[in-house]
Amino acid sequence: MGASAMASVVLRHVSKRFGPVEAVRDLSLAINDGEFVVLLGPSGAGKTTTLRLITGLERPDAGSVSINGRDVTRDPPGTRDIAFVFQQYSLYPHLTVYDNLAFPLRSPARRVPEEAIRKRVQKTAELLHIASKLGNRATRLSGGEMQRVAIGRALVRDPSIYLMDEPLSSLDAKLRAELRLELKRIQVELGATILYVTHDQVEAMTMATRIGVIRDGELLQLGTPREIYENPSDRYVASRLGTPQINFLPAGLIPEAAMPVGTDSIGIRTEHLQIAAANGGGIVGRVHRIEHLGDQNHVHLEYQGQMLVTLADPHQPLQAGQDVGLQLIHPLYFDATGRRIADTVH
Amino acid sequence: MAQIRVENLRKSFDLFTAVQDSNFTIEDGTFFALLGPSGCGKTTTLRMIAGLELPTDGRILLDGEDVTFRRAAERDIAFVFQLFALYPHMNVEQNIGFPLKCQGMPRRQARERILETARLLRIEHLLSSKTSKLSGGDRQRVALGRAMVRRPKAFLMDEPLGALDAEFRQLMCGELRDLHERISATTVYVTHDQHEAMSMADRIVVMNAGRIEQIGSPQEIYDRPASMFVADFIGSPPMNFLHFEGSLHAGDRAIKIRNASIVVPEIQEARAGGPLVLGVRPEHIQFSDTAPVRGRVFGAEYLGTTQIVTVDTEQGQVKARLPSSMSVRVGETVGLAFRSDSLALFDAQTGSAIRTASHGSVGHG
Chain W
2 MGASAMASVV
12 LRHVSKRFGP
22 VEAVRDLSLA
32 INDGEFVVLL
42 GPSGAGKTTT
52 LRLITGLERP
62 DAGSVSINGR
72 DVTRDPPGTR
82 DIAFVFQQYS
92 LYPHLTVYDN
102 LAFPLRSPAR
112 RVPEEAIRKR
122 VQKTAELLHI
132 ASKLGNRATR
142 LSGGEMQRVA
152 IGRALVRDPS
162 IYLMDEPLSS
172 LDAKLRAELR
182 LELKRIQVEL
192 GATILYVTHD
202 QVEAMTMATR
212 IGVIRDGELL
222 QLGTPREIYE
232 NPSDRYVASR
242 LGTPQINFLP
252 AGLIPEAAMP
262 VGTDSIGIRT
272 EHLQIAAANG
282 GGIVGRVHRI
292 EHLGDQNHVH
302 LEYQGQMLVT
312 LADPHQPLQA
322 GQDVGLQLIH
332 PLYFDATGRR
342 IADTVH
Chain R
88 MAQIRVENLR
98 KSFDLFTAVQ
108 DSNFTIEDGT
118 FFALLGPSGC
128 GKTTTLRMIA
138 GLELPTDGRI
148 LLDGEDVTFR
158 RAAERDIAFV
168 FQLFALYPHM
178 NVEQNIGFPL
188 KCQGMPRRQA
198 RERILETARL
208 LRIEHLLSSK
218 TSKLSGGDRQ
228 RVALGRAMVR
238 RPKAFLMDEP
248 LGALDAEFRQ
258 LMCGELRDLH
268 ERISATTVYV
278 THDQHEAMSM
288 ADRIVVMNAG
298 RIEQIGSPQE
308 IYDRPASMFV
318 ADFIGSPPMN
328 FLHFEGSLHA
338 GDRAIKIRNA
348 SIVVPEIQEA
358 RAGGPLVLGV
368 RPEHIQFSDT
378 APVRGRVFGA
388 EYLGTTQIVT
398 VDTEQGQVKA
408 RLPSSMSVRV
418 GETVGLAFRS
428 DSLALFDAQT
438 GSAIRTASHG
448 SVGHG
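Protein sequences appear in the order of chains W and R.
Take 2 as the starting number for the first sequence in this note's numbering and just add one per residue.
Take 88 as the starting number for the second sequence in this note's numbering and just add one per residue.
Next up, chain W with everything else stripped away, as it sits in the complex (with noise of 0.2 Å):
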């Protein structure tokens, strides 16, 4: 990648076994200054492990690590230039949000002069919206208040790259979507380089300059967030991304002559199967159950023995048991391993 040149973070065939376990096998990924990567998938994936072969707190098997164009493979974890937020914020309860912010300064290591110390701190806090809690002691203050300073006391330093593990996952669901939007907002005011992990779905789409899916050790894809939800290389990309998830049909089910050779099965996005009249011929299904969501319906649906789900306006008519036309507007097709099929009819 001509890119490398400005990668704060370069992974080259990195391989990390625990006893019986490929943790990692054969991942190659490069982070480039200023970008948010989210590496997405279930928990057992290998996204932490990756994290920790960054950090130097593990050693790979296989396959080298540089930051900023050294290659920091052998290097101990406090010579790297690297912050780390953790999922369990982890503050000091009796120092006042101010001396937690300021502790990863004060290392003896780093020797920060204290006026410096404050500027920076000041900042930080402006950022996160904390600035009137300096005084506070850290045990009084909210979850989500916290977590900010947390996720602050990483941001007070200037490392190379960020790294992120489920840093919002404790959080209720409200302060979630918050902090996603700030943390967003930091990382392009700051310019910072992030590698993120995450089983949600919605993080990786919303924050990610690009995101990596990840399952059984192995980097399946990496994109953009478009890329990876409108191009999935596989069924199982195709169906990590998009709620409710993708439909797949066998490639017997459906009357369509002009499918690429070798298509085993089909992948409909929701919003791309579309009720029409029900005496368009092609694709009939019967309406299963309609579930209210308020803004849409989700309209489950069975044709041939197999469930859909479809998207409608919550105010159209629709009944159990009534019987629909189905379109399908943006088919992907896949082959008997999973693959994507390039789409060659159009």
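Derived by calculation from the structure, the hints in this document are not laboratory data.
Just so it is clear, the structure is predicted and the values come from calculations on it, not from any experiment.
Among the clues, some could well be false.
[Said to hold, decoys possible] Straight-line alpha carbon distances no greater than 20 Å define the calculated DMTMM-like cross-link-like pairs of lysine to aspartate or glutamate that follow:
id	chain 1	residue 1	chain 2	residue 2
1	W	K124	W	E190
2	R	K240	R	D399
3	W	K175	R	D399
4	R	K217	R	E180
5	W	K175	R	E254
6	R	K343	R	E353
7	W	K175	R	D319
8	W	K175	R	D280
9	W	K134	W	E179
10	W	K175	R	D252
11	W	K120	W	E179
12	W	K175	R	E370
Here the structure of chain W is known, so what remains is to put chain R in place on it, guided by the hints.
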């Protein structure tokens, strides 16, 4: 099967009133959700219906019969907590059959009931399995089977899916609703999760601080929230609130926010000057260069087909759900146009909705 009536129900613990003066009727065969944040009184209400808690005041009627002071065991109601509590040393059949054994039902009859229950839950093939060998979903089905096997008049469920991860929860919501379609048992379901309530319930009671805020179908509650609390609790992102000062006259078809005139459904309730709130759902906002309400784009969140765009306005932050094909730049100034027939108005002091042509007599059905 049964109708459940709750009349003037109240519960106090010393100085704290957990439930104040609740009234509602759950018709036979209804899937009824008690929805609200923690501490709103929903679980206390459920426990009083179950007979696990005695009311301070009021009555509970089961099929017209006053059961207010009956013990839980005498109410013919099945209570389902977190669905996972199974007896580990028993197999699936013994787990499901346990309540019948306690009742002393003859073995052959019990066996028939267990089979029928397993068939409804589609777990006949698992009857002789050990519970420890089951998947999470099957464990949950067995726990449900144990509640169903007695053929109670009603099911009471207290956050049964609370401990599950999001994807599995969605799957189980679908299953619970499907099961409800098959057996049509009166179900009272307590949750703090608006998605669970919206996706499963026929009717929802929204509770807040011991009080009923609104009773209605999911769509009614979404479209015509009775209060700012309900409008904010339902929907993700929730309804936007634009604060303004003004007075309203019956018959008005527009309001004024600063110098911007905004068309609203015909107002049917006058208000002398004071703080008011315009409520707009995110999907009822469009960008328009000519719209008088203006703001600056704070951020955009891609969600696949749609994106949520957050805009800072003088009336506060507003979130709009827009097609993801639209390109939006952070920092740009935009005009916000609202779909006028779906706007809501609230009294900022009481938080309650103001009556309009599309927001009729909302209240406590």
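Which numbered hints does this structure break?
Hints 2 and 11 contradicted; others consistent.
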